[in-house]
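K.L.:
Next come the chains, spelled out residue by residue.
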Amino acid sequence: MTCAEIKDRTIDYLYGELSAGERAAFDQHLAGCDGCRAEVGGLQGTLHQARAAVKMTDEAPPARVRVAVLEAARAAAGGASVPVAAAARAVPVRGRTEIKAEGGGFWEWLKRPWVFPLVGAGAAAVIFLVVGRDVVTNPAKDLARTMAPEPPPAAPVATAPAAQEEMKPEGAAEGEAPADLKARPAASAPARKGIAGGKREQPVANKVANVGRAEADSERGDRRRFAPPPPPRVAVRAPAAHDKVDELLDGAMRGADRQKEGSGAGAVGHLGGPGSVATRSQPAPAEKKQVAGVERHRPPQELAKSAPAPVAMEPRPAPAPASPPPARPSQGRAAYSEDEPLAAAAPAPAEEVALSRDDRAPAKAKKAGPSPFEEQVRKADRLFTDAHWGAAAAAYRELLRQYPQNSLVAAWKGRLRACEQALAPPPAAAAPAAASSKARK
Amino acid sequence: MAAYQKGDLGAFAELVARHERRLWNFLRRFVRNPATAEDLLQEVFLRVVKSAPEWQPTAKVTTWLYTIARNLCTDHARRMVSRDAVSLDGSGRSEDSGARPLMDRIAAPGLGTDREAIGKELAARIDVAVAALPVEQREVFLMREVMEMPFAEIAAAVGASEPTVKSRMRYALERLRVALEEFRDVAAGGAAERAEQTS
Numbered sequence: 001m002t003c004a005e006i007k008d009r010t011i012d013y014l015y016g017e018l019s020a021g022e023r024a025a026f027d028q029h030l031a032g033c034d035g036c037r038a039e040v041g042g043l044q045g046t047l048h049q050a051r052a053a054v055k056m057t058d059e060a061p062p063a064r065v066r067v068a069v070l071e072a073a074r075a076a077a078g079g080a081s082v083p084v085a086a087a088a089r090a091v092p093v094r095g096r097t098e099i100k101a102e103g104g105g106f107w108e109w110l111k112r113p114w115v116f117p118l119v120g121a122g123a124a125a126v127i128f129l130v131v132g133r134d135v136v137t138n139p140a141k142d143l144a145r146t147m148a149p150e151p152p153p154a155a156p157v158a159t160a161p162a163a164q165e166e167m168k169p170e171g172a173a174e175g176e177a178p179a180d181l182k183a184r185p186a187a188s189a190p191a192r193k194g195i196a197g198g199k200r201e202q203p204v205a206n207k208v209a210n211v212g213r214a215e216a217d218s219e220r221g222d223r224r225r226f227a228p229p230p231p232p233r234v235a236v237r238a239p240a241a242h243d244k245v246d247e248l249l250d251g252a253m254r255g256a257d258r259q260k261e262g263s264g265a266g267a268v269g270h271l272g273g274p275g276s277v278a279t280r281s282q283p284a285p286a287e288k289k290q291v292a293g294v295e296r297h298r299p300p301q302e303l304a305k306s307a308p309a310p311v312a313m314e315p316r317p318a319p320a321p322a323s324p325p326p327a328r329p330s331q332g333r334a335a336y337s338e339d340e341p342l343a344a345a346a347p348a349p350a351e352e353v354a355l356s357r358d359d360r361a362p363a364k365a366k367k368a369g370p371s372p373f374e375e376q377v378r379k380a381d382r383l384f385t386d387a388h389w390g391a392a393a394a395a396y397r398e399l400l401r402q403y404p405q406n407s408l409v410a411a412w413k414g415r416l417r418a419c420e421q422a423l424a425p426p427p428a429a430a431a432p433a434a435a436s437s438k439a440r441k
Numbered sequence: 442m443a444a445y446q447k448g449d450l451g452a453f454a455e456l457v458a459r460h461e462r463r464l465w466n467f468l469r470r471f472v473r474n475p476a477t478a479e480d481l482l483q484e485v486f487l488r489v490v491k492s493a494p495e496w497q498p499t500a501k502v503t504t505w506l507y508t509i510a511r512n513l514c515t516d517h518a519r520r521m522v523s524r525d526a527v528s529l530d531g532s533g534r535s536e537d538s539g540a541r542p543l544m545d546r547i548a549a550p551g552l553g554t555d556r557e558a559i560g561k562e563l564a565a566r567i568d569v570a571v572a573a574l575p576v577e578q579r580e581v582f583l584m585r586e587v588m589e590m591p592f593a594e595i596a597a598a599v600g601a602s603e604p605t606v607k608s609r610m611r612y613a614l615e616r617l618r619v620a621l622e623e624f625r626d627v628a629a630g631g632a633a634e635r636a637e638q639t640s
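Going down the list, the sequences are from chains H and U. Using the working numbering, read the first sequence as starting at 1 and increasing by one per residue. Using the working numbering, read the second sequence as starting at 442 and increasing by one per residue.
Next up, chain U with everything else stripped away, as it sits in the complex (with noise of 0.2 Å):
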């Protein structure tokens, strides 16, 4: 960062291919919205070329460019609330909902006896799972499990002790472990049919 604030922009370029895919997989599950993700991506680079003047080398470069996307992704999350409250009969157009109804998402449209698919279908579940968090739980969730934080920087950008950090991770574990036992007694229910109806 203090190379590109002399002008090396092969400093910034550097910066945003060491840092994209991270802040990019962070912000994709925060918002659920590919296009609007792709946004608030270039938003934060955006803010680092606009701030490079400013920016005093006090900070760690991840821990204030990571900041930068939680605040962006809060930012978003506020408006949306404000702007489309979530609804149950699942309209679609909430962004945190992932343009799917609610029932979409807790019934699995079809459980495939293949491994590689149960895997991804499960993957695919947690995602929905963690996107369906409270949004402290998941910021938490994302920056340790996703930009791989320590808990001490996540409560440095979120504004928290590293107590509640901790809490609200644990919060999220447990939210996503019930998640995943309706997806596995779903799941179970599916294979006991199939194996009803071969035999």
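Pulled out of the complex, with its shape left as it was, chain H reads as follows (with noise of 0.2 Å):
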């Protein structure tokens, strides 16, 4: 072989792709040229170094990204629809830790373009809180006096909707607020986002007075409590079951995006507080009756499920909802039957945060809070978000087990599969890489 050969040579060389004979050819003139001894023996070097810095830094996708393909091929397949309430969820744990690990790093992190915007509204999310709590109980303690007879001493201070319903006094019907809660800026009140099947949206004087007997229903049982405001809808919307792939690949794409901007969102609510900034795909049970239902009066424990966003987050006062079309009401809850709990598997931490808080009305808490079927399939989804497929799939097998029946069966065992898939992956996965490393060899 002379020079030139070896040069064109070097990388079946040191991939092992010579035959025998070439490759003895090779190395008798490697043993008597030391310019292509040095240049192969170089390149042989680098070529190890660089195998070992691939793997030295080789790491697993983020989680995400499954669920959102998965999703998407479910929902090409017309399958049943599930919210990607795991893709949301598991958002924040970008904010984390992955961007670090990602080789961003903090500074990195904090010139993305949504940060700074974001880190704003939620510190004014908080001084809304901090500052903004005496401004809205106070008057609204006052417009309770003013509006509503006192309630019966003996009245419990936690009372189911339909209690609360029978509280409610005639004189304080919907729409009703006395002048200076009407005069009241909009850019302070509660931007609720009204998604009532029958009467979508609600002056903003109007939600002005709805807090405004919410917290005086708290008031009157000597109970001051506030909400936290929920999370902004910013998340990813449950693709529908449709039958045409393209649109449905265009909604996954889309959901793709809203994932990205719950990203930042989870990032910032993560640095911000709870409560300040979160991700959801679903409306919150509260919205759910409130979609299916007539306008209604309606007890504080939904109020605080759908309390006032943060101001600077919403900067016009009546935004149009982001989560389910409201020309669709049923379509948010298509995987659900009838009778079953209506958060089954949409995530409310509005309303998680705003039980937490609550340490004042235990028993106030215990009764708003999730059934335990809702636990479980929170619970379950949880795991799965958070990529702890032993126990998640864990967590699904017993949802199987003692809910066959239900419609989530099929989403259950989709992720069920899943987690398998994640704790085993398939002999095949290592075989063209066995075989690879043989070839090299």
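Treat the hints as calculated values from the structure; they're not laboratory data. Bear in mind the structure is a predicted one, so any value in this text is a computation, not a measurement. Watch out, some of these pointers could steer you wrong.
To be verified - Simulated crosslink set (BS3-like; lysine-lysine; CA at most 30 Å straight-line):
| hint | chain 1 | residue 1 | chain 2 | residue 2 |
| --- | --- | --- | --- | --- |
| 1 | H | Lys55 | U | Lys501 |
| 2 | H | Lys55 | U | Lys561 |
| 3 | U | Lys501 | U | Lys491 |
Two independent chains are provided; combine them into the complex using the hints.
P.N.:
This is how it looks when you write it as structure tokens:
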């Protein structure tokens, strides 16, 4: 072999793709040519180092990618539509750990364009919580005293929604609000997104009145409760089961984009404290009830769940709902049967935060809390999104065992399968690697 | 893939589980931006979902999948080049630069005496050097070393002959060697300085 031939065949030599005869000739040339030996040796060392570096920096992809693509595939197959709550709730993980792991680091994270606006929003929310508390609650207290008669002293503090309905005074009808509340700037009003079937949006003053009554109800029971603002709805919308694959894919892509947005929100929410910013994919139970039902008086528990969003996140007084469109009120819960709890797979972070914060009303919190079934589903979803595959698999198995007739069974089975695959990657996955390394040798 | 074509979602999940890691490491090394890499990874599998009905079992799934990834990467690289030309003063806006100025990438900020730290630093340097390779060489290097594709498959994926692919691999290794030698020089200089300071 000549030096030119050696140069041409170096890659074949390094990757073991020379025949035995060629290899012998190659080695023979290297033994007698210092230049070629140094050249080939240098490239071989570089290749070994590069290979080691590649292995050292090898990492697993974010779990939410798998969740999203499996969700898209399921939707394209026309299977049961499952909320992408998992994907949305997995997003904050990126904010906590993955950004640094991905090589960005804190400062790189800080350079992202959504960071400053959302940090500002979080700060505004905190200020709203701290400073605005008295501003919001005290007028409501006064309002309640002027508008509603005192409740009977024996009335329980934490009442079910039906009981609250009974307690509602006749004079406190929807839409009534005193002039001072109506005159309050809309920017400071709780901009709850109304998605009621018959009455989509309430005037801002009505919303203020609702909140005022809710606060008044709480005050009457000698309970001052202030619910933190719910998370802004920037999360992925659950894809519905359609026949057209293209539409679904477009939807999935939009969902992925929203997931990215949610990523930022989640990260800042983590920094900004609980309740400031969070994500979710489905309306909270209170909203679901409102979707199906008629405009009615809502007890404080419901108001707590659909409490005002941070002002900075909702610059317009009455923004359009980002979650399931009001025109199709049943879309968001297509996967649920009527006799199941509506919040089965729709996490309500605001509710959780509200319940955990209200340590002065444990009975109330207990009544407003999710059912064991909901807890179980949430737990399984949480484990799944946190990539605790073993525990998630066990949780889904338990759900499948306990609720074999539930309409979410298909989704649970899918996730269980994903968990099992994550736990035990198929042996075929290792086969190409082994074959390739063998080929190199 | 054939099973997924028949509607077996489990087969698709298996496909994802089998290939996502390699694809992810290929994509994030190629584009040097985790968020973009995540988008591209999703896009790869969404294209699989979209193309599943038309898929013909003539091509090897691995080659097909990795070709999609490679095409997405090259499209992305082309867009980046047209949108944001690489600047030597290191504006840090180019994704291929890893959002770090050129001087930061050349000069070692600090060389730890810990062996493991040096190993990590070296790995990081190699990552940066790989990212700085021309696109044609980078894709060949990553397809071979990260996705572990044979040269014949790489040639099919990039639409070049096998000798051309091997030639690009050789150029890639030569560039990496130069980059590593520079790093070693810097590391040796730093070690000598520390030795002088301690003595």
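K.L.:
Now tell me, hint by hint, if it's right for this structure.
P.N.:
We went through each hint and held it up to the structure:
no.: 1; hint: H:Lys55 - U:Lys501; in the structure: holds, 25 Å
no.: 2; hint: H:Lys55 - U:Lys561; in the structure: holds, 11 Å
no.: 3; hint: U:Lys501 - U:Lys491; in the structure: holds, 18 Å
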